[in-house]
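Taken in order, these protein sequences are the chains called A and B. Following the numbering used here, the numbering of the first sequence begins with 1 at its first residue and continues without gaps. Following the numbering used here, the numbering of the second sequence begins with 1 at its first residue and continues without gaps.
Note that these hints are calculated values from the structure, not bench results. The reader is advised that the hints may include incorrect statements.
[Stated by the list, open to error] When the alpha-carbon atoms are kept at most 25 Å apart in a straight line, the in silico SDA-like pairs for lysine to any residue are as follows:
1) K74/B x R20/A
2) K71/B x R20/A
3) K212/A x M1/B
4) K74/B x Y210/A
5) K212/A x F90/B
6) K69/B x G129/A
7) K37/A x S8/B
8) K14/B x Y210/A
9) K212/A x K252/B
[Unchecked claim] Far from chain A by the CB rule (all over 12 Å, computed), these chain B residues:
10) K14
11) D19
12) G37
13) D91
14) K244
15) K252
[Stated by the list, open to error] A short, non-exhaustive set of chain A residues, derived as facing chain B with CB atoms under 10 Å:
16) S19
17) E22
18) V26
19) S67
20) E107
21) S114
22) M123
23) N126
Given the structure is predicted, the values throughout are model-derived calculations rather than measurements. Just so you know, even glycine gets a beta-carbon here, dropped at the ideal spot from N, CA and C.
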Amino acid sequence: MPLFNHIGRYFILLGNVFSRPERFSVYWKQIVFEIDKIGIKSIGIIAMLSAFMGAVICIQTAAQIDSGWIPAYTIGFTVRQTTILEFSPTIMLVILAGKVGSNIASEIGTMRISEQIDAIEIMGVNSAGYLILPKIIAACLIIPFLVIISMFLGIGAGALIGVMANLVSYSNYELGLHLDFKPFSVAYAIIKSFVFAFLMTTISAYCGYYVKGGALEVGKASTQAVVYSVVFIMIFNVILTILLLL
Amino acid sequence: MIEVKNISKSFDGKTILNDISTRFETGKVNFIIGRSGSGKSVLTKCIVGLHEVNAGSVEFNGRNFSGMKRKDRKEIRKELGMLFQGSALFDSLTVEQNVVFPLTMFSAGTPEEMRERANFCLKRVELEGTNQLFPSEISGGMQKRVGIARAIAMNPKYLFCDEPNSGLDPQTAIVIDNLIKEITYEYNITTVVVSHDMNSVIEIGDHINFVNEGKLWWKGTREDILNSGNQELDDFVYASDFLKDIRENLRK
Ligand SMILES: Nc1ncnc2c1ncn2[C@@H]1O[C@H](COP(=O)(O)OP(=O)(O)O)[C@@H](O)[C@H]1O
Ligand SMILES: [Mg+2]
Numbered sequence: 001m002p003l004f005n006h007i008g009r010y011f012i013l014l015g016n017v018f019s020r021p022e023r024f025s026v027y028w029k030q031i032v033f034e035i036d037k038i039g040i041k042s043i044g045i046i047a048m049l050s051a052f053m054g055a056v057i058c059i060q061t062a063a064q065i066d067s068g069w070i071p072a073y074t075i076g077f078t079v080r081q082t083t084i085l086e087f088s089p090t091i092m093l094v095i096l097a098g099k100v101g102s103n104i105a106s107e108i109g110t111m112r113i114s115e116q117i118d119a120i121e122i123m124g125v126n127s128a129g130y131l132i133l134p135k136i137i138a139a140c141l142i143i144p145f146l147v148i149i150s151m152f153l154g155i156g157a158g159a160l161i162g163v164m165a166n167l168v169s170y171s172n173y174e175l176g177l178h179l180d181f182k183p184f185s186v187a188y189a190i191i192k193s194f195v196f197a198f199l200m201t202t203i204s205a206y207c208g209y210y211v212k213g214g215a216l217e218v219g220k221a222s223t224q225a226v227v228y229s230v231v232f233i234m235i236f237n238v239i240l241t242i243l244l245l246l
Numbered sequence: 001m002i003e004v005k006n007i008s009k010s011f012d013g014k015t016i017l018n019d020i021s022t023r024f025e026t027g028k029v030n031f032i033i034g035r036s037g038s039g040k041s042v043l044t045k046c047i048v049g050l051h052e053v054n055a056g057s058v059e060f061n062g063r064n065f066s067g068m069k070r071k072d073r074k075e076i077r078k079e080l081g082m083l084f085q086g087s088a089l090f091d092s093l094t095v096e097q098n099v100v101f102p103l104t105m106f107s108a109g110t111p112e113e114m115r116e117r118a119n120f121c122l123k124r125v126e127l128e129g130t131n132q133l134f135p136s137e138i139s140g141g142m143q144k145r146v147g148i149a150r151a152i153a154m155n156p157k158y159l160f161c162d163e164p165n166s167g168l169d170p171q172t173a174i175v176i177d178n179l180i181k182e183i184t185y186e187y188n189i190t191t192v193v194v195s196h197d198m199n200s201v202i203e204i205g206d207h208i209n210f211v212n213e214g215k216l217w218w219k220g221t222r223e224d225i226l227n228s229g230n231q232e233l234d235d236f237v238y239a240s241d242f243l244k245d246i247r248e249n250l251r252k
């Protein structure tokens, strides 16, 4: 099917997702459940990856500026910029697309091929809304928090490794952190993570919702969900950066 | 009563249903029979609106369902119950949660009343004590029964069962068949059963529609089906040589 048709069907699905819920209390329960599944259960991996990345960026930068001409506070500055601007909002979302996106697509895809979605529809319940809206809301609410946690851990781990390995003194690192700091860069990161969370959940849900066939197709849908989520995250990264920073 | 008027359905240019008209009576067990792949499930899904028809219309007690907008269909949807071919239970929910699900969406009752209703339905299908089990923890026959309990939770006026006893042993199949029959008469439901199992047809079928090559080939009562004189139907009914022999002997 041509890309054009996919985009059309994607927006039709979104239209159904955002139509009036049958009963808010049921949706609310689902949102709480999804916040736990999408957000809380991802904290571990996000924390680990953020800490290691922060540490590695610190070591890398220190290795590059060995010459002595470049001031040591550059290390703190670089870790901060990399983490806040790209690593936490973009790379973390790419990783979440692999974890959460594939899960959403295979869960919804399995419900499609086992006729569970038909069973929901037959009751007069809007299946797209019931299954997808709570995931979107949960992801858009919780993922920006994960991104903030990731920023703190990345920068913190950079400081820890920098001081422990004697690459930079803490005061120099901190000087770098404060150097030319624009609070808007954090807002920019949060906006990005919000948009990426939306893209990731809706694209993955789309891939699962229209599965036809059997287990093989669910597997394919789950792969597609990750691939397309990542591609669109990257495209929107460029678009948002142009819009927000230029 | 459900009236199906001249419906046709094709997928990607391939015609599956061709100008089918029939009528399903209230308080009766109406059958749709035919070979695998003949379009029975597609016909059922067209009737309940899971597929859009290409031509024709479907009326539920005079209300033109297929011509309605999505929003208006919801009212009729609440009067429908359906048992799916593979049960289609929500596998992340327990047996009780499955049956309560439609109630939590629409019923005005308290959670306690909903649970009571769910328990009543589970009792009706003789599944007390399984409330906290997950669908993967119960047998195929029990899954079908949970499917029936979920389908009747909202007191439907119309009940659809797609191959209710496929994949079940003959004894369990009879239990399910009888359950469908009893529920139909008890609550005066318009029941539509899709099947290719002649046992069920003979056992509980009031009106029978035989679908072949996308067309409604024959319709009639269970008394007529054994002596329809219709070649294709006979081939279906007397599929095995064993049955053909029995028929020959009866005729002699
Ligand atoms: N969603 C669909 N898209 C395309 N073809 C379909 C679809 N659903 C069913 N078909 C085709 O319609 C025919 C009838 O299928 P079905 O109604 O499931 O048969 P059965 O009588 O065994 O229930 C089959 O050839 C099947 O491949
Ligand atoms: Mg079928």
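Taking the hints in turn, this is what the structure says about them:
Our distance criterion of 25 Å between C-alpha atoms is met by K74/B and R20/A, whose separation comes to about 13 Å. Our distance criterion of 25 Å between C-alpha atoms is met by K71/B and R20/A, whose separation comes to about 11 Å. Under the criterion of a C-alpha separation no larger than 25 Å, the hint pairing K212/A with M1/B is inconsistent with the structure, at around 32 Å. Taken as a hint, the K74/B and Y210/A pair is honoured in the structure, with Cα atoms around 22 Å apart against an allowance of 25 Å.
A hinted pair counts as satisfied when its Cα atoms are at most 25 Å apart, and K212/A with F90/B qualifies at roughly 18 Å. With a C-alpha separation of about 17 Å, the suggested pair K69/B and G129/A falls inside the 25 Å cut-off, and the hint holds. Simply put, K37/A and S8/B have alpha-carbon atoms about 44 Å apart, too far for the 25 Å limit, and the pair is violated. With a C-alpha separation of about 20 Å, the suggested pair K14/B and Y210/A falls inside the 25 Å cut-off, and the hint holds.
Taken as a hint, the K212/A and K252/B pair is broken in the structure, with Cα atoms around 51 Å apart against an allowance of 25 Å. Every CB of chain A lies more than 12 Å from the CB of K14/B, the least distance being 14 Å, so the non-interface label holds. Non-interface call for D19/B relative to chain A: holds, since the shortest CB-CB distance, roughly 25 Å, exceeds 12 Å. Every beta carbon of chain A lies more than 12 Å from that of G37/B, the smallest distance being close to 16 Å; the non-interface claim holds.
Residue placement check: D91/B does not keep its beta carbon more than 12 Å from all beta carbons of chain A (closest about 8 Å). Every beta carbon of chain A lies more than 12 Å from that of K244/B, the smallest distance being close to 35 Å; the non-interface claim holds. Interface exclusion of K252/B from chain A stands, the closest Cβ pair being 47 Å apart, more than 12 Å. Using the Cβ-Cβ criterion of 10 Å, the hint placing S19/A at the interface with chain B is satisfied: the shortest such distance is roughly 9 Å.
The restraint placing E22/A at the interface with chain B holds, with a minimum CB-CB distance near 5 Å, inside the 10 Å limit. The closest approach between the C-beta of V26/A and any C-beta of chain B is roughly 6 Å, which is under the 10 Å cut-off, so the hint is satisfied. At about 58 Å, the closest approach between the beta carbon of S67/A and any beta carbon in chain B exceeds 10 Å, and the interface hint on this residue is violated. Taking 10 Å as the C-beta contact cut-off toward chain B, the hint placing E107/A at the interface holds, the least distance being around 8 Å.
Look at S114/A: its Cβ gets to within about 6 Å of chain B, closer than 10 Å, so that hint holds up. The beta carbon of M123/A comes within 5 Å of a beta carbon in chain B, closer than 10 Å, and the hint placing it at the interface holds. Taking 10 Å as the C-beta contact cut-off toward chain B, the hint placing N126/A at the interface holds, the least distance being around 9 Å.
Of the numbered hints stated above, those contradicted by the structure are hints 3, 7, 9, 13, 19, listed in ascending order.
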